[in-house]
Amino acid sequence: MLSIKNLHAKVEDREILRGLDLEVKAGEIHAIMGPNGSGKSTLAYILAGREGYAVTNGSVTYLGKDLLAMPPEERAREGLFLAFQYPVEIPGVNNVYLLKAAYNAIRKHRGEEELDAVDFLALVRTRMQLMEMDAGMLSRAVNEGFSGGEKKRNEILQMLVLEPKLALLDETDSGLDIDALKVVAKGINKLRSPERAILMITHYQRLLDYIEPDFVHVLAGGRILKSGDRKLALELERRGYDWVLAEAAA
Amino acid sequence: MNAMSTAIRPYAEGFKSLEPALTRSAPAWLTALRREAFARFANRGFPGEREEDWKYTSTRPLEKRGFAPSLTASGAMDADVIEPVFLREMPVHTLIFINGRHTPALGTDGPDIAGLHITSLAKALQQATDKLQAYFAPVSAWSDDPFTALNTAFLQDGVIIEIDDGMRLEQPLQLIFLSTKQAQPGACHPRILVRLGRHAHATLLETYHGLEEAANLTNGYTQIHLGENAQLEHLRVQRESAEDFHVSRVRVAQQQGSRYVSHTLNLGGLWVRTDLSTRLEAPEAEAVFNGLYWTDQGRHVDNHTRIDHLAPGTRSDELYRGIIGGHSRAVFNGKVVVAKHAVKTDAAQINNNLLLSRQAEIDTKPELEIYADDVKCSHGASIGQLDEQALFYLRSRGLDPETARSLLIGAFAHAVLDRIATPELQAFARRQLAAVMQPS
Numbered sequence: 001m002l003s004i005k006n007l008h009a010k011v012e013d014r015e016i017l018r019g020l021d022l023e024v025k026a027g028e029i030h031a032i033m034g035p036n037g038s039g040k041s042t043l044a045y046i047l048a049g050r051e052g053y054a055v056t057n058g059s060v061t062y063l064g065k066d067l068l069a070m071p072p073e074e075r076a077r078e079g080l081f082l083a084f085q086y087p088v089e090i091p092g093v094n095n096v097y098l099l100k101a102a103y104n105a106i107r108k109h110r111g112e113e114e115l116d117a118v119d120f121l122a123l124v125r126t127r128m129q130l131m132e133m134d135a136g137m138l139s140r141a142v143n144e145g146f147s148g149g150e151k152k153r154n155e156i157l158q159m160l161v162l163e164p165k166l167a168l169l170d171e172t173d174s175g176l177d178i179d180a181l182k183v184v185a186k187g188i189n190k191l192r193s194p195e196r197a198i199l200m201i202t203h204y205q206r207l208l209d210y211i212e213p214d215f216v217h218v219l220a221g222g223r224i225l226k227s228g229d230r231k232l233a234l235e236l237e238r239r240g241y242d243w244v245l246a247e248a249a250a
Numbered sequence: 001m002n003a004m005s006t007a008i009r010p011y012a013e014g015f016k017s018l019e020p021a022l023t024r025s026a027p028a029w030l031t032a033l034r035r036e037a038f039a040r041f042a043n044r045g046f047p048g049e050r051e052e053d054w055k056y057t058s059t060r061p062l063e064k065r066g067f068a069p070s071l072t073a074s075g076a077m078d079a080d081v082i083e084p085v086f087l088r089e090m091p092v093h094t095l096i097f098i099n100g101r102h103t104p105a106l107g108t109d110g111p112d113i114a115g116l117h118i119t120s121l122a123k124a125l126q127q128a129t130d131k132l133q134a135y136f137a138p139v140s141a142w143s144d145d146p147f148t149a150l151n152t153a154f155l156q157d158g159v160i161i162e163i164d165d166g167m168r169l170e171q172p173l174q175l176i177f178l179s180t181k182q183a184q185p186g187a188c189h190p191r192i193l194v195r196l197g198r199h200a201h202a203t204l205l206e207t208y209h210g211l212e213e214a215a216n217l218t219n220g221y222t223q224i225h226l227g228e229n230a231q232l233e234h235l236r237v238q239r240e241s242a243e244d245f246h247v248s249r250v251r252v253a254q255q256q257g258s259r260y261v262s263h264t265l266n267l268g269g270l271w272v273r274t275d276l277s278t279r280l281e282a283p284e285a286e287a288v289f290n291g292l293y294w295t296d297q298g299r300h301v302d303n304h305t306r307i308d309h310l311a312p313g314t315r316s317d318e319l320y321r322g323i324i325g326g327h328s329r330a331v332f333n334g335k336v337v338v339a340k341h342a343v344k345t346d347a348a349q350i351n352n353n354l355l356l357s358r359q360a361e362i363d364t365k366p367e368l369e370i371y372a373d374d375v376k377c378s379h380g381a382s383i384g385q386l387d388e389q390a391l392f393y394l395r396s397r398g399l400d401p402e403t404a405r406s407l408l409i410g411a412f413a414h415a416v417l418d419r420i421a422t423p424e425l426q427a428f429a430r431r432q433l434a435a436v437m438q439p440s
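Quick mapping for you: the protein sequence lines, in order, are chains A and B.
Going by my numbering, the first residue of the first sequence is number 1, and it counts up by one from there.
Going by my numbering, the first residue of the second sequence is number 1, and it counts up by one from there.
Only chain A is shown next, with the shape it has when bound in the complex:
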């Protein structure tokens, strides 16, 4: 589904990614862990198409297409979704309005009929129940005045409504208390299916207690230094990252 080969990227002349390789197949859940400043969020933003990053080498293929050649909205319409680490507050833009516009933009792209307001609202309501969100959130402005936990739930709500093929979760667990983490994890697990892939970027292994990954990767210095399974995350939790860095340097 997603094939990243030898990816190099710069931000303002600073090289952040230095030859990153990653293969993600449908049905798989990958976790990318790593120390601060290792390039985790940069990777998420580059995959989602944010401006300000210069890809100097390498390629990203998504569903057989050159992902980097697509504008952000086309990536979204092709089924890629980024749950932001810091969801943006947009005063004056209604939450449900954005959801519906996004949903219909994707359907239109697929050549499907746009859903009418009543059916759409019914769909959103079921997803909100799952995320244990208050119906009043729909009529509020996007993320405006939301608590950290509400913002993260709102991201997962959007994801559940838009049903992406490839979900990128950028530190979705950060800033969540344990109850909120469980709800968010429930939402992510709901999306799990043989047709979809999930790429989780996380600092801590505690998210992985609730969402079991098939693969765990250590990203440091702009490259994947080590890959393993669930056990690697536990080992990282116990031993930190230094041993991986030392092993790679050796």
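Since the hints were made in silico from the structure, they are not lab data.
As the structure is a prediction and not an experimental result, all values here were calculated from the model.
For every residue, glycine included, the Cβ atom is placed at its ideal position computed from N, Cα and C.
Any given hint might turn out to be false.
[What the hints assert, rightly or not] Some, not all, of what chain B presents toward chain A, calculated at C-beta under 8 Å:
| # | residue |
| --- | --- |
| 1 | Ala79 |
| 2 | Gln389 |
| 3 | Tyr393 |
| 4 | Arg397 |
| 5 | Gly398 |
| 6 | Glu402 |
| 7 | Phe412 |
| 8 | Ala415 |
On the provided structure of chain A, position chain B as indicated by the hints.
Chain B alone, transformed into the frame defined by chain A:
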């Protein structure tokens, strides 16, 4: 001849040619007032950029046009022309003016409702009663404004709206001013005189619309008096053609406990200057000024507002927002004055601006003058650009860049329109904004 007199000459010629008609069978006071007004204008000339109130707006583009007086519209006008600006969201009483002249054929000639008195100013000028004289302040009271002087000298039409004590007018009154293409660009000087009695409630809508290729000057003057506890919601939508010039003066005087709510939408015109002011003359009077200016291409829109708190316990709340694109220029100057005895004044003013291009310019100047103790006053201004993070967030959800941009711009603008209390009027205002932002 020097430059100043070159600018004045077309008006002098216009005044000379119109004077016999204007003064025929007119009472002496009116003729004297016109002559004094024109002399005042000719003597003073157009304002220069060295004048504080005109620092950021040059009248040169207006001077160069040398507008002749507009002629009375001739020939039939299709009723469709008012459709875009007609308040169709709710039942309304409508009066239509073409190039400044009341045109009864297109709208109702004023509804027949007890307690509401609508008089064509053209008719009132012919009859020129003493009652009319009471509406005209002496020239000396104009604070030296050349556009008020011009309006008075050339005054031919407009409307007098009087609402009796206790009268609650259910339907809004809509005045539609159409600027149409003339053989040569013309100036018109409509005047609107509004008086609400004690406890009277009304909604007034002024709409200025320009048809294609219209390139006129509308120099309007609106004078409003609110009696004790009277309430007026006043929506002004100014969306003339891209070649039209527009000047407005709105002067309000408020008695005890009255409430004046103004919504000014500047959505069109090449060169626009609006001065809105109110005097909170008695305790507990309240004014709300909302404004939205949207400029593109090379347009120029200047809003000057002034609120005088002259009595204790008066309140004002002002929110003006601007969306400035292309190589256009917008000016906002908001002055709040709290007089010495106006204790317990509560005044808030905010001006926010969204610059959409590098060539666009905004000059904003909030001014607060406080001469009283024990008051609560705040003001602030901001200038920003579209939030790149928000744009990316929306695009990452599948919205194309144009949709994302217009969604963000709309959200910025709707914060002002949301303050229109009547839902139908709010819908109307949104439709007006949408029409200029996304021309079909």
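Query - Those earlier numbered hints the structure runs against, lowest number first - result: 1 and 6
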